[in-house]
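Enquirer: Sequence order for the protein chains is L and H.
Going by our numbering, the first sequence opens with residue 63, and the numbers climb by one from there.
Going by our numbering, the second sequence opens with residue 95, and the numbers climb by one from there.
Treat the hints with caution; some may be incorrect.
Not the full set, but computed from the structure, chain L residues with beta-carbon under 10 Å of chain H [to be verified]: (1) Met395; (2) Glu424; (3) Ser447.
Label-pair ranges, simulated between beta-carbon atoms [claimed, not checked]: (4) L:Ser146 / H:Ile208: 16 to 22 Å; (5) L:Gly314 / H:Thr274: 28 to 34 Å; (6) L:Asp374 / H:Pro285: 54 to 60 Å; (7) H:Ile208 / L:Lys111: 28 to 34 Å; (8) H:Asp256 / L:Lys83: 35 to 41 Å; (9) L:Phe465 / H:Gly356: 45 to 51 Å; (10) H:Gly147 / L:Phe152: 31 to 37 Å; (11) L:Arg452 / H:Asp120: 48 to 54 Å; (12) L:Ala496 / H:Phe123: 37 to 43 Å.
Using 25 Å as the maximum straight-line C-alpha spacing, the simulated SDA-like pairs for lysine to any residue come out as follows [what the hints assert, rightly or not]: (13) L:Lys498 / H:Gly147; (14) H:Lys278 / L:Pro108; (15) H:Lys299 / L:Pro108; (16) L:Lys423 / H:Ile225; (17) L:Lys491 / H:Gly144; (18) L:Lys491 / H:Lys352; (19) L:Lys423 / H:Tyr211; (20) L:Lys423 / H:Asp262; (21) H:Lys140 / H:Pro129; (22) H:Lys278 / L:Gly145; (23) L:Lys423 / H:Gly240; (24) H:Lys210 / L:Glu424; (25) L:Lys500 / H:Ser245.
Since the hints were derived computationally from the structure, they do not count as laboratory data.
Glycine included, each C-beta is placed from N, C-alpha and C at the ideal position.
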Amino acid sequence: MIKSFRGGVHPKDSKFYTAGKPIETAPLPEVAVIPMRQHIGAASIPIVKKGDLVKKGQVIGEADGFVSSNVHASISGQVIDVGSHPHPIFGKCEAVVISSDGKDEWLEGLPLTRNWEELEAAQLLKIISDAGIVGMGGATFPTHVKSTVQKDKHVDLLVLNAAECEPYLTADHRMMLEEGPRIVAGVRIAMKVLGVEKCLIGIEDNKKDAIEEMTTAFAGLPVDVVALPTKYPQGAEKMLINAVSGRIIPSGGLPMDVGVVVQNVGTVAAICDAVTRGIPLIQRVTTVSGGSIKAPKNIRVRIGTSFREAIDFCDGFLTRPEKIIMGGPMMGMAEPNIDIPIIKGVSGILAIAKGEANTGKEASCIRCGRCVNACPMGLNPSMLSILSERGLYEEAREDYGLFDCAECGSCVFACPAKRNIVQYVKFSKAQNAAAKLKENRG
Amino acid sequence: METAIMVVVVMTVIGLVFGLILAFADKKFSIEVNPLIHIVDDILPKGQCGSCGYAGCLAYAEAVVLNPEVAPNLCIPGKKPVADLVAELTGKSAPEIEPRIAQVRCKNTITHAIKKYNYAGVEDCIAASLIQGGPKGCEYGCVGFGTCVHSCPFGAMVMGEDHLPLVDEKKCTGCGKCATVCPKAIIHMTPIGTPVAVLCNSRDKGVVARKLCSVDCLGCGLCSKSCLFDAITIENNLAVVDPKICMEKCAKPTCLEKCPTGAIYDLRTV
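So here's chain L without its partners, still in its complex pose (with noise of 0.2 Å):
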């Protein structure tokens, strides 16, 4: 039987960049700029201030509160500033700035051989949230939050995320052939923290290499490794779930109200890292492609580098890009500059060239009903966007089910009218989360 799931697209995966091309270690930036805002939750209280001299893997930034993360120096040397700096999503944001003394000096004790065996789950959860680990597929939750099973709830799932759907990326595929005992045992972690005895890992058949990795890698524990059809949206978490494991997450819910929880393979790698040798998370492997880099590559590096540092290390621009996008293509925010510091969420930095970007001016909704196909959660995107256009926000959440929208873009992708979809669904979402934010006010 065929894994799958209802509607999604089938973009061009444009993998061949850097699919075949091994994980390089970039550069040790000069400046790092590191903000507090690199998760969903509440922003990090800055802890240095200016003239502070920092190691790599002190804490900077800690959690304000427990959906919040702690943030640590990714280079030594010295706080230059601590303030508004550009942002990848924000636009602005709090950040601390670390000028590298170019040694590279671990905070003391660090790195450390720890036996993960030995510890307890608690023990081990304490480890993940001091780490300031989060989901590193892109979302950016706080793995600690995902981690900590509600009293009501009963988990017995866990479902490794290495679909990597999202075209161009190809971070996740190097890690999976060329770091599998790092993944081995981030997820063996990760299953003792949830407490369960079975995970199941969805790759999609286009990674056939990695599959097999996964498969020898895995022997003889309770992880099983599932070939998904290559689809586009087949890593979003819903979807995944109903992929390998057949089971249906209700609307509005989450993956433990069906007893799933659902980890990235950078995150479980990282997990690894934080476990067994006390390194909080520093650095994450990131895809650089995209048809106006002159050499892309997968490349590890260190937070708080530019993204002008990152494109340099891959020789540059081949061509003026069209645009470049942050994460993948279908999910990825446009960026309207490259000095800007890669953050946890980063999973691919893309410059597109002219001719691989679909741009165009939108036209009216012709009622065709390719988006109604293509929609994941069996939503009707053309009724979103109309709705969002007339100002009937309140419809579009009671009527049809806006906050059940994933934003994958698969409707955009199949709109032969080229309208902008997601951000009519984002904008609606912001309009009714402002008029329920002036109802409590009263």
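For chain L, the structure is supplied; the task is to place chain H on it using the hints.
Expert: Frame of chain L; chain H shown alone:
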């Protein structure tokens, strides 16, 4: 012939039957409404702008007639004539309403503005400003897609050629609907007759602001120092004029010549 008569008879009978049902329903299910409510409602300007704080003109009419505590001068678009009429009808006394007008505090035109990126999405200010604060370099200025223009219930706003909204002083009733929809809050409701105003909303520091716009307020404070009546204060790198002091005391503004960027405008000549 017979058929024609039948038709007339049948139609008359049907009409009579339904007429009786309607007459009965009108008596049986009639709702007592204070007729004054509809008289007051007819006087109101029907912009449905909500500036009175009620859901619409009828809601306000109902409140002002039935609730003795609701003031008769809440309808800002109606100004003094409407307030006086409503006060007379409801037997209340109407305090003075200060006439006000919408003022667009940004002069950063689309041709002069430094652009952050090329925007190709939904043509709406709120939608555009969700993406990194909008396509213009200055994150405090006018986004330029005319959400305010579309929102105006009285048709008093048009989009200028330079993509800055223009207010028709004759049509603007001062309801303030545009000010509530503007994502950058650049539209302020100011008393009619204010002599000068700083038409800028930038809270950026002078150095940053200068790079992004040529007609912005730098927050240098020259105007506030030159003002003889302390009507201008600098808040967050932006000069703010107190229109009351200006109107009452100042006959010959000294601030106008002092501004290095020309961000203060003489509204008496405009």
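Enquirer: For every hint, state whether the structure bears it out.
Expert: Results for each hint:
1. Because the smallest distance between the Cβ of Met395 (chain L) and any Cβ of chain H comes to about 8 Å, under 10 Å, the interface hint for this residue holds.
2. Contact between Glu424 (chain L) and chain H, as hinted, is supported at the beta carbon level, the nearest pair being about 8 Å apart and thus within 10 Å.
3. Hint status for Ser447 (chain L): holds, given a least beta-carbon distance of 9 Å to chain H, under 10 Å.
4. Checked against the hint of 16 to 22 Å, the C-beta distance between Ser146 (chain L) and Ile208 (chain H) comes to roughly 18 Å, which is consistent with it.
5. Checked against the hint of 28 to 34 Å, the C-beta distance between Gly314 (chain L) and Thr274 (chain H) comes to roughly 30 Å, which is consistent with it.
6. Judged by the Cβ atoms, the range 54 to 60 Å given for Asp374 (chain L) and Pro285 (chain H) holds: they are separated by roughly 56 Å.
7. Between Ile208 (chain H) and Lys111 (chain L) the beta carbon distance is about 32 Å. The supplied range of 28 to 34 Å therefore holds.
8. Separation of Asp256 (chain H) from Lys83 (chain L) is about 49 Å and departs from the stated range, judged on CB atoms against 35 to 41 Å.
9. For the hinted restraint 45 to 51 Å between Phe465 (chain L) and Gly356 (chain H), the CB-CB distance of approximately 47 Å keeps it satisfied.
10. Restraint check, Gly147 (chain H) to Phe152 (chain L): a C-beta distance of roughly 33 Å satisfies the suggested window 31 to 37 Å.
11. At roughly 36 Å, the beta carbons of Arg452 (chain L) and Asp120 (chain H) sit outside the given window of 48 to 54 Å.
12. In this structure the hint that Ala496 (chain L) and Phe123 (chain H) lie 37 to 43 Å apart at CB holds, the actual value being about 40 Å.
13. The straight-line distance between the Cα atoms of Lys498 (chain L) and Gly147 (chain H) is roughly 18 Å, inside the 25 Å bound, and the hint therefore holds.
14. Between Lys278 (chain H) and Pro108 (chain L) the CA atoms are separated by roughly 28 Å; this puts the pair beyond 25 Å, and the hint is violated.
15. Restraint check for Lys299 (chain H) and Pro108 (chain L): satisfied, since their Cα atoms lie roughly 23 Å apart, inside the 25 Å limit.
16. In summary, the hint linking Lys423 (chain L) to Ile225 (chain H) is supported, as the alpha carbons are separated by about 18 Å, within the 25 Å threshold.
17. Restraint check for Lys491 (chain L) and Gly144 (chain H): the C-alpha separation of about 23 Å stays at or below 25 Å, so the hint holds.
18. Proposed proximity of Lys491 (chain L) and Lys352 (chain H) is contradicted: the alpha carbons are some 46 Å apart, above 25 Å.
19. Restraint check for Lys423 (chain L) and Tyr211 (chain H): satisfied, since their Cα atoms lie roughly 16 Å apart, inside the 25 Å limit.
20. A C-alpha spacing of about 32 Å is found between Lys423 (chain L) and Asp262 (chain H), which places the hinted pair above 25 Å, so the restraint is violated.
21. Taking the CA atoms of Lys140 (chain H) and Pro129 (chain H), the gap is about 18 Å. The hint holds against a cut of 25 Å.
22. Between Lys278 (chain H) and Gly145 (chain L) the CA atoms are separated by roughly 22 Å; this keeps the pair inside 25 Å, and the hint holds.
23. For the proposed pair Lys423 (chain L) and Gly240 (chain H), the alpha carbon gap of about 19 Å is at most 25 Å, so the pair holds.
24. For the suggested pair Lys210 (chain H) and Glu424 (chain L), the alpha carbons sit about 21 Å apart, so the restraint of at most 25 Å is met.
25. A distance of roughly 19 Å separates the Cα atoms of Lys500 (chain L) and Ser245 (chain H); the hinted pair therefore holds under the 25 Å criterion.
In this structure, the hints that do not hold are numbers 8, 11, 14, 18 and 20, in rising order.
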